[in-house]
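Chains as they are written, first to last, in the working numbering: chain A, 1 to 113; chain B, 1001 to 1111.
If you are wondering where the hints come from, they were derived from the structure by calculation, not from laboratory data.
Rough simulated footprint, nothing fancy, chain A against chain B, three-plus residues with beta-carbon under 8 Å:
#1 1025-1034
#2 1042-1049
#3 1083-1095
Label-pair restraints from in silico Cβ distances:
#4 A:Pro95 / B:Glu1003: 22 to 28 Å
#5 B:Gly1095 / A:Thr86: 29 to 35 Å
#6 A:Ser83 / B:Gly1029: 33 to 39 Å
Think of the CB as a built atom: it goes at the ideal place given N, C-alpha and C, for glycine as much as any other residue.
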Amino acid sequence: DAGITQSPRHKVTETGTPVTLRCHQTENHRYMYWYRQDPGHGLRLIHYSYGVKDTDKGEVSDGYSVSRSKTEDFLLTLESATSSQTSVYFCAISPGTASSGYTFGSGTRLTVV
Amino acid sequence: QKEVEQNSGPLSVPEGAIASLNCTYSDRGSQSFFWYRQYSGKSPELIMSIYSNGDKEDGRFTAQLNKASQYVSLLIRDSQPSDSATYLCAAWNSGYSTLTFGKGTMLLVSP
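Only chain A is shown next, with the shape it has when bound in the complex (with noise of 0.2 Å):
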């Protein structure tokens, strides 16, 4: 979406080594969201942020960790990947009302090797 953007697109990494997703919105929304997609599990919430440096565990944190310095961009670190972390990441934001739902961005495959 034109709104929100996801980098990088893809990316081969190896195990142990860190590794940083970003997540940049230009529609000034205070709600975001990192999610990872798997077969046989849907989405799943990792982290989210609803403000700047206010942010909270999702139901599959361990390994991961955030920080948004800016209301715009939303960062998701692998601290040390693992093969288990092989998976596609959205990004999604949010004005935070019930009736807003998100939108996501164009995802990034990330596979550990």
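Add chain B to chain A, keeping to what the hints say.
Coordinates of chain B only, in the frame set by chain A:
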């Protein structure tokens, strides 16, 4: 653990038929529900939202909500091959401003 359940499918319908996709949710406190369509290799895109009991129509799509039964459905009329995708049902968690997603139902529309 708040859950949203969907039949994984695939649901196969012929072109021109009505496709009916269903979803149940566990959190009785959920008030808003969303349907997303996801083509293979693409990101989910929002197609419908519903907050009140009953039906909501938008073009060929009708969302239905029954809060007493904790049941949400999506009807697609005059199904087209281009509707072939995975449909994700999601429930809004008001306390956290997050969505809980079902695993999705794959729809296949044959010409």
